[in-house]
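Colleague: Chain by chain, the residues:
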Amino acid sequence: MHSFSDRCEALRDTFEERPRNPGIPLDLGWVREIRINRSAVERRAATIGTRRSVKTAWQAGWLLRAITLMDLTTLQGDDTAGRVRRLCAKARQPVRGDLLDALGMAGERITVAAVCVYHSFVATAVEALAGSGIPVAAVSTGFPAGLSPMHTRLAEIDASVADGAAEIDIVITRAHVLTGNWQALYDEVKAFRAAAGDAHLKAILGTGDLGTLRDVARASAVAMMAGADFVKTSTGKESVNAVLPVGLVMARSIRDYHERTGHIVGFKPAGGIRRAKESLDWMAMMKEELGDRWVQPDLFRFGASSLLTDIERQLEHFVTGRYSAAHRHPMA
Amino acid sequence: MTSVRDAFETLSWGPAPESAAPAMEWLDGHDRRFGQFIGGAWTPAADTFVVANPAGGDDLAVVSQASDADVGAAVAAARAALPGWQALGGHGRARWLYAIARGIQRRSRLLAVVESLDNGKPIRESRDIDIPLVARHFLHHAGWAQLLDREFPGMSAVGVVGQVIPWNFPLLMLSWKIAPALAAGNCVVLKPAEYTPLTALCLADLLAEIGLPSGVVNIITGDGRAGAALVEHPDVDKVAFTGSTEVGRIIRVATAGSGKKLSLELGGKSPFIVFEDADLDSVVEGVVDAIWFNQGQVCCAGSRILVQEGIADRLVQKLRARMETLRVGSPLDKAVDIGAIVAPVQLDRIRELVAQGVSEGAACWQPSWSVPTEGLFYPPTLFTDVAPSSTVAQVEIFGPVVVQMTFRTPDEAVELANNTQYGLAASLWSENINLALDIAPRIKAGTVWINCTNMFDAASGFGGYRESGFGREGGREGMYEYLKIDREKGEERREKGDARIENGEGRSEKRDGISEGGRDAAAPSRALPPIDRTPKLYIGGKQVRPDSGYAIPLRGASGEHVADVGRGNRKDIRNAVEAAHAAAKWSAATAHLRAQVLYYLGENLAARTNEFTNRLEVGGAADASTEVEAAVQRCFAYAAWADKYDGAVHHTPHRNVTLAMPEPMGVIGLVCPDEAPLLGFLSAVLPVIAMGNRAVVVPSERWPIAATDLYQVLDTSDVPAGVVNIVTGLRRELLAPLASHDDVDAMWVFGTRGDAAEAERLSAGNMKRTWTEWTTRDWLDPEAGEGPEFLRQATQVKNIWVPYGA
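Quick mapping for you: the protein sequence lines, in order, are chains A and B. Note that this note's numbering has the first sequence beginning at 1, numbered continuously upward. Note that this note's numbering has the second sequence beginning at 333, numbered continuously upward.
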């Protein structure tokens, strides 16, 4: 039997084996009939972490999985090549070797799912990750506001793909959602998808800007119809980023899309997930709402930067029985 | 031992056990043997029985079956504690209730663990729902104690209260019972269910520890025999019971005529209505909270899913997928959704009813996984293609079993929802506020949750319509159950055995004369004879002859024959109830319209002051003109109240409005007092119709023509046909068919103690709410003869929860 990380690697190496979401024609009837009850969604979201709990070895196992689901990210104005190379090194080796040994994972290749950077550092990251099998994701299309001219947004995608980005995280024009211009949203995402070519497209909805959960669901549906491989909550730059009620709505949208079309779309919550416990809640939510298939790196990613450190600390606590400190773990 | 690697690869749920050790330590501290908690001290354990852990494993403890002597001692202790407790005043009691709330918070986890061990409910529920609500109830009611004098002027505690609670929410039901009782100044004897006495005993420890005055709360344990002894104890002033409708009925009969105040919270088969525009994924979680909460052992469980036909298949598909991910297992596992069924007999009943459902042709579905074999577990179960006639659609299963049916239109949804003898709660799901707020008032249930379910809070009243019982727990409406009005009682009404009212068969006697007012009996013989005026019955807006074909001669104060009054019988009662139901539109009429009608009634009555005064004088009224004037004023009073006795928005700690709406009971049977035959009649009828009820009235037997003379006034005042139906005759003949009628929603009896006892006994058939009084009132005094007391009796509070969020 192949280990899980072998399987992940196999998935990475043969990405084409999972059929991509080809999209469907825009179905406005579907979009209009979407109903989301905010209070009910919030109640469910509030009990995901109280109905489910993983402890001891299970918790350690889940946290290791969380690492393999991570898009280790740096999206700062002061990013430099040196900083990105450091991040890539951490991506290859996210957990101290002695901890992996103690966890009984010796020899298991635990890496993050991808490294996520601005276009300027795609080439740097691709080079730094050479041979690791870890893909580089580029935020694109006028990230984070997405309000650059369409031709420059498309050109940005082209450039990142040319530099070796295997995944393109685009941002949608929030105005299309806020004004109910679903056709424009559909056309935009479809054009991004075409530009990305073989690179996988993650559609960032900027849910913190959307105002209602119903709009989150409608935007998710339209992005999937337009062929997004992933829907992603946030840029990390909005005032509210990945929160469970939003994630729940998006996960259910993915389920709905799968049930109706048979096509599989992934989910990436990003921004604000900093604690190991939060990552467990998100994974529990995915497992319960979408099933185990959706808690694998080709269908679920955390967009995160500081989460990894907290997970490392929790893993060390499991091993030693003592609460750990951040400085005991190599920084990214 | 599962390795980290296995968990990493499979992402399986491992065990997440809550430790039972502190609970075991507490039990060991009592040597796992408990006596009764009476007068602040423990009696030695005696006549013990075992308290088992429904999830399997060792028995938890033995507790004692309370003897009659124990019950008597507990009641005596409560009685003895009463003066001191009341002397503390509202603020003093508020301090104690606050201390209890804090004590519960201090030992919240111990109580949660004991509850889960004893009852089998998942620790998630006892920890996150039951125990926080328990503390909330005491805290909220500390506030009512503090505000009692200001908010409930002219009222005081009932006295010694006997309370019997069920096993499904042991400590939560205890708090619902004890907190308002103590706040109002009562002392309590409470019996927890024999399956689940432990948290009550744990609380007794807490009460002793914080030093609550002894005897204020007494906890007795045992089975139904102890409960019966408590309910029937003559020194108990009020009985509060939560449990099955079957036992509620027995208690209703047992307390009939005793004068004990009674509140009952009974069974349910609550509808869960899903409209086609609902958020279906949220609906699915709603069903989880409705029927897979507490293993479905919830009186208000949403056990009947009514779904609009076009979306039924999708909903069922989603439900089944969700059921696959539910987890049944050890109640102390923090990652379990459904725990253990409380007792073998309950598990057997669930199995039997499911088997019956299958044999009756309903499609039964359970998830692919199996439940643990040790312990009492049952999987979540969904019946589809269920007809209302199916057993599983009608009876309360009290387990994790839900049935699903379809409807076509909102009207049909309401019809199906109300197609039950119960009326505890309902949940309805729609994103259309117009639809939701239209449907909520039309459902016969004490609580309606819009886009949510099983939400509880101390600030919101909870209780039933129909055979789900009466009385409310929580909120202002709940406090009234533990208070009585301070008023000097009048004389006890006696059976008259009055010679003036005879069997109508003896009609051959000589008449003294019949005329309006009966005053010209001595008119000269050559004058034209007076025109005969025979009062008939008044049913459905028409004057009808009594079915019996008999009349009762009525004599004036000086013995002269005044009239022959129709002798109504059970068929007339039946017809009157039918007519009252046909006038259902009155309940939907605006309060403004009802006010107008009542003002008009007063106007028309005033125009005939002389006539009514004369007739009352013939009947021997001492101060007839005062009575008529008071009657006119009473019309105005209830016209005024009609659009002013309204509801409240409760402050429940959620983002929602909780609307407490006083709703009409429906059809109310009234047996009017003999004293003040006109004013007494109107004092009963007016509040009833002002609040939108329809009345079937048995007027004063002694002087019914005060009521029959009103027929024309009712007609000319635009009181719609069927709103007031009047059946004259012999009270003891008419009371029984009215009190036992299953389509009468409430019964007011201002008669003798015997009348009260009979009405209360017969009301048990459909558990109609009764209001009986066998001492006279001074109807002329507005303090005694009108006001909120009457309006409360004419209404029942429905709490509608409306969560919101853009």
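One or more of the hints may lead you astray.
Unchecked claim - Taking beta-carbon pairs under 7 Å as the criterion, some of the chain B residues facing chain A (in silico):
no.: 1; residue: 343
no.: 2; residue: 427
no.: 3; residue: 611
no.: 4; residue: 657
no.: 5; residue: 783
In short, the hints are calculated from the structure, not lab data. Glycine included, each C-beta is placed from N, C-alpha and C at the ideal position.
Colleague: Could you run down the list of hints and mark each one as holding or not?
Modeller: Hints versus structure:
no. : hint : result
1   : 343  : 6 Å, holds
2   : 427  : 33 Å, violated
3   : 611  : 4 Å, holds
4   : 657  : 5 Å, holds
5   : 783  : 5 Å, holds
Comparing the model with each earlier hint shows a violation of hint 2 alone; every other hint is respected.
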